[in-house]
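Taken in order, these protein sequences are the chains called C and H. So for the first sequence, my numbering puts the first residue at 1; every next one is plus one. So for the second sequence, my numbering puts the first residue at 1001; every next one is plus one.
Bear in mind the hints are in silico, worked out from the structure with no lab data behind them. Built from N, CA and C at the ideal position, the CB exists for glycine as well. Hints are supplied without guarantee of correctness; some may be wrong.
Just a sample of chain C residues kept apart from chain H, beta carbon distances all over 10 Å, derived [as the list claims (entries may be wrong)]: (1) 10; (2) 87; (3) 122; (4) 129; (5) 132; (6) 142; (7) 147; (8) 203; (9) 206.
Here are the simulated distance ranges between beta carbons [claimed, not checked]: (10) 1152(H) to 124(C): 19 to 29 Å; (11) 1161(H) to 43(C): 37 to 47 Å; (12) 43(C) to 1134(H): 17 to 27 Å.
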Amino acid sequence: MEVFTLTTVELEALRLSLWVSIWAVLWSLPLGILAAWILARLRFPGKNLLDGLIHLPLVLPPVVIGYLLLVFFGRRGVVGGWLYEVLGISLAFNWKGAAVAAGVMAFPLMVRAVRLSIEGVDQGLEAAARTLGCGALRVFFTVTLPLSVPGIITGVILAFARSLGEFGATITFVSNIQGKTQTLPLALYTLTQVPGGETGAMRLCIISIMIAMVAVLASELLAKRFAVPMRS
Amino acid sequence: MLHVCVRRKQGDFLIDASFNSKGIGVTALFGSSGAGKTSIISMVAGLVRPDQGRIAVDGHELFDSQKRIDLPPEKRRVGYVFQDGRLFPHLSVRSNLCFGMRRINPSDRYVAFDQVVELLAVEQLLERRPAKLSGGEKQRVAIGRALLTSPAILLMDEPLASLDHARKAEVLPIIASLSSEFSIPLLYVSHSFDEILNLADRIVFVDSGRVAAAGSVEELIRRRDLQLATGLSKF
């Protein structure tokens, strides 16, 4: 059964991958909901531009996103330099940078799912909540957000799965450092580049498939569980 | 006392309506579909903004274009019963009923939860979801939800229009009793003259965005010009 035992390096990569993906989802979720709400409910000049900008990671080569992150969020980058000097946060070559890269790549998927859900919320219900004494913000939290839960679940799972699979932007932005930024896909890639790495690569491959399957099934189950009481 | 004087251009359609109604009782906004009735009560509720005019309930100004007053809907203390009910599907009947009540200071409440539950006969429905209710039950809950905000005026936009005959007969007597039970003025929109004969104390007849006539039910029934205008022989 040794074939199925993960080595330290592989275990580390798995643990790091899950950690990075969780954080990628955590930071992109509130921003994603905000962006989705803006796109679903507001009309303003430049909306198409914002929409396009949010979708860029979906259509650009991931390496380009990784490079842009390096330019802006690297320690000498415009934003990265400020983050380091003012807040003491460095994103370069550590798991935080990997979480940023994964979150950015997953962002359009998150926004699309949540936006669809928000657009499906009857604005008549929001108007009704206003006449019942709720200000715009309270309407959002008591009506719009709870009714968008199915889309938010889908968005979270999609973003999580996308983050687990992130490769190009991660390797470009934070490199491939074992134990620090070497996530599951990077470890798998590394194993394919060294002699005798085939079994390890296959193990990681099987784990990837298993995680993906669980994520998809969980999303289906949860979406069903929440969709039923939402029907009006 | 309700004072409405509003003007609003919606595309090619001009709404230019003014009317007053005194005291409690039911004032019916009556007219054919597309006459602008719903737009007018949406303006009273603050969901649609008039281009100019003035809206006041009991001397409180909700909107005044000259004084630049435009209270948001949540500050107007109007209860609104929509044609399609608009219950919150993710909440139980009980939570729907309490949704607006919670936002009201207890000292400002004059409508009690138990009283509403009894009057509307929704005791058995409290733990259900709106999806499991019949059309008549939904409208009863919607009426209760609006009442429980202890509003200064209750607006009803064709609350019976989507119900069949039997369900109408179930809800109509409840609506008829509201105004005296809670001493609250009602502004009731309808295109059905039967409903209005059963309910209204006063009629505001709306035609193409304008108030064509206003007065007590007895006064308006006798007017020959309105009989012709509505094409209703009974009228």
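Status of the hints after comparison with the structure:
1. 10: holds (43 Å)
2. 87: The claim stands: residue 87(C) keeps its Cβ more than 10 Å from every Cβ of chain H (closest is about 38 Å).
3. 122: violated (8 Å)
4. 129: violated (7 Å)
5. 132: violated (3 Å)
6. 142: violated (8 Å)
7. 147: Label violated. Min Cβ-Cβ 6 Å, cutoff 10 Å.
8. 203: The claim holds: residue 203(C) sits with its nearest Cβ about 43 Å from chain H, beyond 10 Å.
9. 206: holds (39 Å)
10. 1152(H) to 124(C): 19 to 29 Å: With Cβ atoms ~23 Å apart, the hint holds.
11. 1161(H) to 43(C): 37 to 47 Å: violated (31 Å)
12. 43(C) to 1134(H): 17 to 27 Å: violated (38 Å)
The structure does not agree with the numbered hints 3, 4, 5, 6, 7, 11 and 12 stated previously, though it agrees with the rest.
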